[in-house]
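Q: Here is what each chain is made of, one letter per residue.
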Amino acid sequence: MSDATVDDADATGRTERLGDRLRAELEALDAARVGVYAALFALTAFYLTPIESGLVSAFKTNPAGISSTLPFAPPPLRFFTLEKWRTAITALGRGMVNSALYAVPATIVSALLGSFAAYGLTQADWRARYKAPVLAMLVAGIFIPYQAVLVPLSQFWGAIPLRQLLTPLWVLGVPSAYTGIVELTITHVAYGIPICMVLFRSYYRNLSEEMVEAARLDGATFRRVYRRIVFPVSTPMFAVVLIYQFTQIWNDLLFALILVSTESSPAAPVVLILAGLGESMEGQDFALRMAGAFVAALPTLIVYIMFGEEFADGVAT
Amino acid sequence: MREFLSTARSRLRRAAGRDAGSDGDAERADGDGDSALATDGGTAEAGADVAPAGGTDGLLDRLDDRFGEDFTESAPFWLPPFLLVGLFVYGAIAWNFVISLTEYKGFVGPDYSDLDLDMYVRAVGDSAVIDATVNTFVLVVAFTIVALVIGMLLAILVDQKIRFENTFRTIYLLPMSLSFVVTAQFWLWMYNFNNGVVNIALGAFGIGPVDWIGNPQIVLWAVVFALVWQFSGYTMVVYLAGLRAIPTEHYEAAKVDGASTAKMYWRVIVPQLKGSTISAAIVLMVFALKAFDFLYSLVSGYRPPNGADILATKMVREAYSTNNWAYASAIAIVLFLMALSIIGPYLYYEYDKGNL
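These protein sequence lines are chains P and B, in that order.
Residue numbering for the first sequence follows this note's numbering, beginning at 555 and increasing consecutively.
Residue numbering for the second sequence follows this note's numbering, beginning at 4 and increasing consecutively.
No lab work stands behind these hints: they were computed from the structure.
Note that CB positions come from ideal geometry on N, CA and C, so glycine has one too.
Some clues are possibly wrong.
Which bits of chain P does chain B cover? Going by a derived footprint, with three or more residues having C-beta under 8 Å, they are [to be verified]:
hint : region
1    : 591 to 601
2    : 667 to 673
3    : 776 to 789
4    : 805 to 815
Derived DEER-like restraints, expressed as beta-carbon distance ranges [claimed, not checked]:
hint : chain 1 : residue 1 : chain 2 : residue 2 : range
5    : P       : 717       : B       : 93        : 25 to 31 Å
6    : B       : 357       : P       : 651       : 43 to 49 Å
7    : B       : 252       : P       : 628       : 48 to 54 Å
Sample of chain P residues at the chain B side, in silico, Cβ under 7 Å [what the hints assert, rightly or not]:
hint : residue
8    : 680
9    : 690
10   : 706
11   : 828
12   : 854
Modelling step: build the complete structure from the supplied sequences, incorporating the hints.
A: Next comes the structure, spelled out in structure tokens:
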């Protein structure tokens, strides 16, 4: 403290010099800063334009409103309509229900199985020589182009008498086309396990080893350690995996197309109906397509806006 | 420390009669009359009370001796998912290969007695397959490179200690949460000849209008552009994680050396992002190979716009539109080999680094 009083004059001088330097630096920085923010806002415009243009177009009449206004301008009052949204919701409503019927169970089951597999392959002590190929096969499963399994998949589901096995459902009045939903659920579980496993694995590898070791020293079984320790601490990772996996399954078209095939089927998922929406004899109804796109994207958009952090974590791994 | 713990543990467990305390094994050993052991708690001392059980234990012990001490105990966790993936992925690929050797088409099932490589010969001579292969290659390479570059620029921009960082990041990543089916609708509208944003924006500079989807010379690039829009946010997230992992001293050191910002990034930072680049590139290539959903949705059908046919769309069209199952399987194998030539080295690289 006393030093400060002694050096007071000197210190003031130094502060001034420092202040000058800071100001100069700030000025130089400002130009760069402005550039950075300008770029950030320009990019924001780039990423949002297709979405914005779609959103405003969904409120326009077709073809008059669509063709006589700028595609990114909000609809003027005389071209404003909610009719496209009504049509889209009517057309896609059952698809939303169907999509949820397989996306939700498939998400939960594949996340659980992925967590099991990751636990059995990280915290268990068995020879790396044998563990590595199991792991490699599971990891490689993420990258397989699904085209390489489509024909056998059709053959497989064609050979399984699922329709007979599920007779109780049809007796209860469920349309028999819903075998497609069951097939989709199992298929998505199987192909979802690898990515879920990898996500959980990166998490389990960083788990405190002492905790698990100590529990096992106390005589807790492998399964008990999972139930009492590993599963409870996996909650944040489950959030990440469930969100990522739900988005993936909801968004996938290929399996829906192969296993349910026609959009007129009562079991048609929303993406399948959307892919055929807005095609008509008189030309494409873009307002309807845009409204439909937003309706179909709504669940994933909600999930993304609510859990953006977790989604980013999921894709970053 | 860890080694000590695990040896100590294994000794303890063997001394305690090993299996008796395990939930999983106790269940399997139910027949031996020690089902009471399945109850939780105090398992270690419970194990000590019980004499080693019969034959199954011997087999399990031998399996554990061979594969490692937790092998059988952890099997209930990793084996069912592994079998499911094995059946649906590897079983299906093997089956697909066998089908590709048959002459299977139409509605009569495949005849497995007559296997040959006819379908591959046909594929090599089919100019449509050659075109699709070239298009696939162009799409994958162009999309991956552009998405990597844009993603890195985004990451560097977002990493400048900006305000509202989360908001910007959320916006850039937003398109990735959308389905290909949804983004295809958006871009169909963006690329619309008369009323699309792209042509109107270019028109302001006196360019166009351009028939983005209808012109076979351009359509593939239009698709690449749309895919870059959708997935560059993903690359950004990967690079951002990589940038954050670089110690600040590296930036400081470069600054002290008087390097300009651009030079610093190019010389010091970018080389350190090699790991991020590789993992991002792999995932981007896989996305590109899955572009089927996007192309299908553009036209609401199996036949993509002229000039944009890739192996993925060609394969599905052969199978589900014209029912040339064996031929489609052969094309699928070509696609699979392309993917394998990317993933194989990547997995080896990861294995080499000790990540597997």
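Q: Could you run down the list of hints and mark each one as holding or not?
A: Outcome of the hint check:
no. : hint                      : in the structure
1   : 591 to 601                : holds (count 7)
2   : 667 to 673                : holds (count 5)
3   : 776 to 789                : holds (count 4)
4   : 805 to 815                : holds (count 7)
5   : P:717 / B:93: 25 to 31 Å  : holds (27 Å)
6   : B:357 / P:651: 43 to 49 Å : holds (47 Å)
7   : B:252 / P:628: 48 to 54 Å : holds (50 Å)
8   : 680                       : holds (3 Å)
9   : 690                       : holds (6 Å)
10  : 706                       : holds (4 Å)
11  : 828                       : holds (5 Å)
12  : 854                       : holds (5 Å)
Hint compliance for this structure: every hint is met.
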